[in-house]
Every structure is written in structure tokens, then in C-alpha cells.
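Sequences and hints are given; from them, build the entire structure.
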Amino acid sequence: MQWLSNKHHKPVIAIPVGPRRIFTDFLIDMGAQMSVITKETAECLNVKPGRRKVKFTGIDGIVKECPTAKIALWLPGEKKLTRTEVLVGAASTNTLGFNLLYGRVWKLPDGSVWSFAGRGDGQIAWLEDDGPKAINLLEMSVPLPPSKITNVKQYPLPAAAHSDIDGVVTDLEKRGIITRTHSPYNSPVWPVKNPNGQWRLTIDYRRLNANTAPLTAAVPNIAELVTQIQGASHPWMATLDVKDMFFMIPLQEHDKAQFAFTWKGIQYTFNRLPQGYKHSPTIAHNTLAKVLTEISSPPGVMIYQYIDDILIGGENSEEVGHTMENVREKLTALGLDICSPIQVSGTRTGG
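The numbering of the sequence shown is the UniProt record's numbering, which starts it at 1 and goes up by one.
Warning: the hint list may mix true and false statements.
With a straight-line cut-off of 35 Å between C-alpha atoms, the simulated DSBU-like cross-links for lysine-lysine are [unchecked claim]: (1) Lys80 with Lys243; (2) Lys153 with Lys64; (3) Lys148 with Lys53; (4) Lys107 with Lys79; (5) Lys290 with Lys53; (6) Lys53 with Lys264; (7) Lys193 with Lys64; (8) Lys70 with Lys107; (9) Lys64 with Lys48; (10) Lys153 with Lys80; (11) Lys70 with Lys39; (12) Lys290 with Lys264; (13) Lys55 with Lys79; (14) Lys55 with Lys153.
By construction, these hints were calculated from the structure, which means they are not laboratory data.
Dropping the structure here:
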């Protein structure tokens, strides 16, 4: 039996895990690319981490590494075990992420329906034909906080990554997201292997982040935001996701030098806000928040935001759908791309 747990007023679901079907609480979070179990849960379930380790960038912009493990889950409404790979110890809460939730529809015993829309086909925008559009939202923002000059040499990389990174660097330069430069700053390239076997470009900004002045965080606490949404009990909700939000925010000219990196003897830097920089989530959230405050909504309809994710909640489908369309039109007019599909779904059914 699967059931939705309301004891913490968060979207937490208790599901059986493993052959012994031990009920375990998981936070539902479509913003997490991979699912996570805590170290304590791994010990309780007698799950031993494997040798494979995964590098990832946390919400704080810090690149981290943690082991993975294979677990089996009994997901709601499904008769067969779902076997999946999870990160062990990457968060303080067990989390069902995008890799497990994508495309699923759960009808729970309490009559509620949980429907998880996708984020397009999973491709990165700058690999598509049109690429991300140039917008000028950051012209309204203050300059980035100062960073001490940091110059870190490139360390050895997996030979298998070179070909894919060659293609990514060429594509990014072609689309104007990076440009060649001569900068006293330098951070090493840190390729990350995607689940499909391809390598994507990330830059190891840990040293730069450590030497960068603080910036007042504008990103809401995810637990508090989830509690607020859960407490509102909106019968109807719509979700929108801004595609590659970081890459759609231009950097001011005097801020570009600090993001330099070197690939095969040529130094490049970003013209757009890069991933891995510790203030990127705050800047992206604040930039989008300024736009959303300009959008009016009917009484009883709420617009929630967490970085590039937008959720609209209300009492009926018409008002929620109308507000969603206003948001979509506003963002599209600014040159922002919205991931498809955009979904309006009833969160409660039955009596």
C-alpha cells in the first residue's frame, strides 16, 4: 500500500523499498535531476554504495561528488518493481527526482492525482538549432560581487570526454555563449558524464566561489516553499519551467573575465551566467522574480517561483489557465524559452 504523508505538510510519499518492502518517506522534487537516499536510509535498508561516483553541482554552486547505489521501489499504481540508481548522501532528505517521476501519473487512495509533466526531451537548449535567445534582464541588476583573482591549472581529464567537449565548446562559441579571451582568471574544465553516456561541459568554479564575496540570497528555502504550497491546498495547479535560465541571462562586460577557462590551449569565458558559480541561482531567481511581480492574477490565484520553476495555484482551471497563459506570454515576449509540455492538472478528484 502506498500513501501520501501529510505529517510534515510537505509533498512526501511513503513507498515500499526493497524485497522486504520497508516503507520509506521520500520528498517529491521534479527539480532534482536524480533521486537521492540519505546515508542513514542506506544503512537502514542495508543498501551498500557502489564504486561509481557522480559529480554534481548543488544549489549553492559547489561541485560535489557522492557514491551511487541501486535500489528497488514499489511506486504507486505500478505492479512491478522499479529498479533505479540513486545518489547516496547527496541531500539530507530522501528524494524522488526527475529521473523517476518524469511522465508518471499516480492516483492515490485519498483520491488525489499526482501528474508529473516532463521538461521537454531532456536536450540542452544550446545544442538545439535555434539556441537560447539573448535577453537583457540583467541590465536591471547590480554588478556581481567582487572575486579575488584565482588561476587554477587544468588537471588530467578522461580521454573519452575530449571528443564530446570539443563539440560542446565549438557549439557554445558559435552561439555566442562563450568567447575567446585573455584573462588572469582561470578555472579547470570538469566534464560530467550524462546518463546517456555523453559528456557535458561543466567548469570547476570551487576556487573562484571560495574567493567571491557574499551576495544576499533571494532564493526561498525549498522546505518552507513546499510547506506554503501544501498548506494552500490548491485544487488546480499549472507548472512552467524556464529553459536554461542561466544561459539566457547576459553578463555585464566587466564581470566576464572571472569565468575564464582553458580548453586545448585556448582560453574562453562566458558571456552568459554560467552553471557552477555560487551566485547563479540567486541571480537567476531574482531576475525572474522581478518579471513575475509585473504579472497580475485574479484573487485566490498564487504564483510561486523557485529559481527557474514556476507554479500557479488556484480554485478553478479557467483562472489558473488564464494566469498561466499571461505568464507564458510575458516570458516569451522577453525572449525566454518555456519547456514543454506546460500542464494544467487537477490535484484533487472525487468527493
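Going through the hints against the structure:
1. About 33 Å separates the Cα atoms of lysine 80 and lysine 243, which keeps this hinted pair within 35 Å; it holds.
2. Using a Cα cut-off of 35 Å, the hinted pair lysine 153 and lysine 64 holds, with the two alpha carbons roughly 19 Å apart.
3. Only pairs whose Cα atoms come within 35 Å are accepted, and lysine 148 paired with lysine 53 is accepted, the gap being roughly 31 Å.
4. In summary, the hint linking lysine 107 to lysine 79 is supported, as the alpha carbons are separated by about 14 Å, within the 35 Å threshold.
5. With a C-alpha separation of about 38 Å, the suggested pairing of lysine 290 with lysine 53 is violated against the 35 Å cut-off.
6. Distance check on the hinted pair: lysine 53 and lysine 264 sit about 26 Å apart at the alpha-carbon level, within 35 Å; holds.
7. Under the criterion of a C-alpha separation no larger than 35 Å, the hint pairing lysine 193 with lysine 64 is consistent with the structure, at around 14 Å.
8. Restraint check for lysine 70 and lysine 107: satisfied, since their Cα atoms lie roughly 26 Å apart, inside the 35 Å limit.
9. For the hint pairing lysine 64 with lysine 48, the CA-to-CA distance comes to about 20 Å; that is within 35 Å, so the pair holds.
10. Taken as a hint, the lysine 153 and lysine 80 pair is broken in the structure, with Cα atoms around 49 Å apart against an allowance of 35 Å.
11. Proximity of lysine 70 to lysine 39 is assessed by CA-CA distance (about 14 Å); at most 35 Å being required, the pair is judged to hold.
12. Simply put, lysine 290 and lysine 264 have alpha-carbon atoms about 40 Å apart, too far for the 35 Å limit, and the pair is violated.
13. Restraint check: the Cα-Cα separation between lysine 55 and lysine 79 comes to about 33 Å, which is no more than 35 Å; the hinted pair holds.
14. Taking the CA atoms of lysine 55 and lysine 153, the gap is near 19 Å; set against the 35 Å cutoff, the hint holds.
In this structure, the earlier hints numbered 5, 10, 12 are contradicted, and the remaining ones agree with it.
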